[in-house]
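2 protein chains.
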Amino acid sequence: MEKSGIYKVTKKASQGHARLGSLVLPHGTVETPLFMPVAPQATVKTLSQADLLESGVQMIVSNIYYLHLRPGEDIIQRLGGLNKFMGWHRPILTDSGGYQVFSLSDMRKISSDGVTFRSPVDGTTVVLTPENVVEIQRKLEPDIAMCLDECTPYPCERAYAESSLRTTLDWANRSLIEFNKGTSISHAEGQILFGIIQGSMFPDLRRLAVDEMLKLNFPGYAIGGLSIGEPFSLRTEILNVTVSSLPQEKPRYLMGVGTVKEIWEFVEAGIDMFDCAMPTRNARNGQLFTSHGKLVIKNSRYRDDNRPLDPDCDCYTCKNFSRAYLSHLFRSNEILGLRLSSLHNIHFMIKLMSKIRRAILTDTWEKSKMEFLGKYSTGFS
Amino acid sequence: MEKSGIYKVTKKASQGHARLGSLVLPHGTVETPLFMPVAPQATVKTLSQADLLESGVQMIVSNIYYLHLRPGEDIIQRLGGLNKFMGWHRPILTDSGGYQVFSLSDMRKISSDGVTFRSPVDGTTVVLTPENVVEIQRKLEPDIAMCLDECTPYPCERAYAESSLRTTLDWANRSLIEFNKGTSISHAEGQILFGIIQGSMFPDLRRLAVDEMLKLNFPGYAIGGLSIGEPFSLRTEILNVTVSSLPQEKPRYLMGVGTVKEIWEFVEAGIDMFDCAMPTRNARNGQLFTSHGKLVIKNSRYRDDNRPLDPDCDCYTCKNFSRAYLSHLFRSNEILGLRLSSLHNIHFMIKLMSKIRRAILTDTWEKSKMEFLGKYSTGFS
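Here the protein sequences line up with chains A and B, keeping their order. Taking my numbering, the leading residue of the first sequence gets 1, the next gets one more, and so forth. Taking my numbering, the leading residue of the second sequence gets 1, the next gets one more, and so forth.
No lab work stands behind these hints, which were simulated from the structure alone. Since the structure is predicted, the reported quantities are computational estimates derived from the model, not experimental observations. Any given hint could be a false lead.
Heads up, the list lumps identical chains together, so a pair's fine if it works in one copy or across two of them.
[Said to hold, decoys possible] Within a straight-line C-alpha distance of at most 25 Å, the following computed SDA-like cross-link-like pairs (lysine to any residue) qualify: (1) K319 with D74; (2) K84 with K298; (3) K3 with Q248; (4) K139 with F330; (5) K298 with R90.
One chain only, chain A, in its complex shape (with noise of 0.2 Å):
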């Protein structure tokens, strides 16, 4: 068995920068580009780990934030770790729960020792650390741990964003050093631990974030900060000068993205890894992808359509039930209703980057980009 950690890029497109790859981990060796459900309580929402097997998800994303808060990493540690506790047996990726302390929490406060919030569960405070987000992973035991950073808002002035990055890197400077003298546990479990290049919109921010990030010879980076409210073009901008200075040989994870079209862009932008709430969210709220688009299934145009959500796919939604019955499920507010749209979500987002995959396979990048972007923008008739 090849050593967890090992990143392939099997296939490069001619055009653009997207490749096909393999990483190996833990649980399993997944291919890249991927897609990963977020399951922050441990649970990807609506959805039971037999769904997400039975839609091909090969690797969920997780939050410490969330965990250590409950049940807490202790608990976790002592019923097996974080696979054994839920039931999941691929790889997963937890997050450090930067972005949740800057977004969700009261009464935070930020040094450079590390970060204190209060408890939204039980209303203590809570102190995270470069060293004990090492410490919780370590105890969870997902495939992937990543660093603690900070996320900063947008727009972020360049002075605040200046010191905020120099604690993102000291911070990642410190998990290592604290990862490595787990060494001896963390190998034996193959866990591997990504850096998170930060820098907000400045482009040479980035550029040094790299410099600096690449000195510490992380196994693979992610590009965090990004899709916070700044437009598609600074996003895009930003991006294209981050992964521009990123090695090739390493996967690189763009985190809290996107959008259909956002990940056929970013893909073709050298992106492997994508996580993002919303095709989970988006399904709680009746919003269902398609092949031709968004369907919003509380329109009453649907409440008498026998078709399903989309022909042209294979869930388990689409092959047994019409859009009338899940348009019945939402206007009773039915629980089956969140799950059914869900898992077609999910699965819609899976499929996606299986022809994402394919497309690269086959050096059909722009024919199979245009192809599937227009068709998602007819809507149906």
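Based on the hints, put chain B in the right spot on chain A.
The following block gives chain B in isolation, referenced to the frame of chain A:
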């Protein structure tokens, strides 16, 4: 293929009145005694139709009170009937909604003609008559339709119980006349109509109800108006009076009952069919049925309990998840917890009925009942 509605008693227990039987219906033959999960709004709350199949559910109970209000029987008819609408291909029984009108509706008014109430969905005035209730069920196409009845409250004065019973008997007669008008349609589909025995807690009224209903010669009889707050001993007395007057060759359906103990008792009294909202409602409240009795998953002792809910259970939940994980899902308000719990409770009820049928088949009723209820009362160590 045998004619829909044919009921055969295949074996009787040598002690008590428990019987094993089979009932031929358009969507398949069901084995009795059986338990039917409720799907009031065309979904067993939180579960998919695949979940129901996997649990071995033979038949479900939906409700025209809900379906008439939303989405309406006309939409369901246009979409091919209730089975097609909800993607469930085994038998369905629809309750007439009498109980719901009396327990859930504002502004309800009852006359000899029918009931009038305000729709909780859109505030409009809704009229249900014996005739339109049959008509609605003709459009929904369940295997078993029910007559409109009045479910008297508990306690109930003698005079009201008498006059209410007269109404229910008159409605049964009118229902049958309406049902037989549609013979050509209904027989093609094989739909059958059950009568409902009322009579409150008065033994002579129950006997009168049976006598009058038998004149109408329904293919099956339901017993309504029990489990509405009366003590267990009274319920048992009234049930025994009613069942002992019913003919052996027709199936008997006890509506809205019941607990594990009640099911053993009332199968022994001669009941063949049960439905109850409790297994799924309890599941959503975190009350789980196990071979050792009820387990309240929100209890803090389960936070780090790595055992399955019930080591004797082979449902998806018990085979894949620990009490600790379920505890976490409930504490985190995650929908998956509701579903895994519902799946488990339904599986428990279906297995219970299978054990009950086996006890009759092997003529070990008393021993099987004592063993089951003995263990059920012990709790886990």
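Hint by hint, here is what the structure shows:
In this assembly of identical chains, the alpha carbons of K319 and D74 lie at most 25 Å apart only when taken from different copies (23 Å versus 42 Å within one copy). In this homomeric assembly, K84 and K298 come within 25 Å of each other (Cα to Cα) only across copies, at 21 Å, whereas the closest approach inside a single copy is 37 Å. Taking the shortest Cα distances, K3 and Q248 sit within 25 Å of each other inside one copy (19 Å), while across copies they are farther apart (71 Å). For the identical chains of this complex, K139 and F330 are inter-copy neighbours only, at 22 Å across copies versus 39 Å inside a copy, given an alpha-carbon limit of 25 Å.
With identical chains, the CA atoms of K298 and R90 are never at most 25 Å apart, being 34 Å at best within one copy and 28 Å at best between copies.
The earlier numbered hint that this structure contradicts is number 5, and it is the only one.
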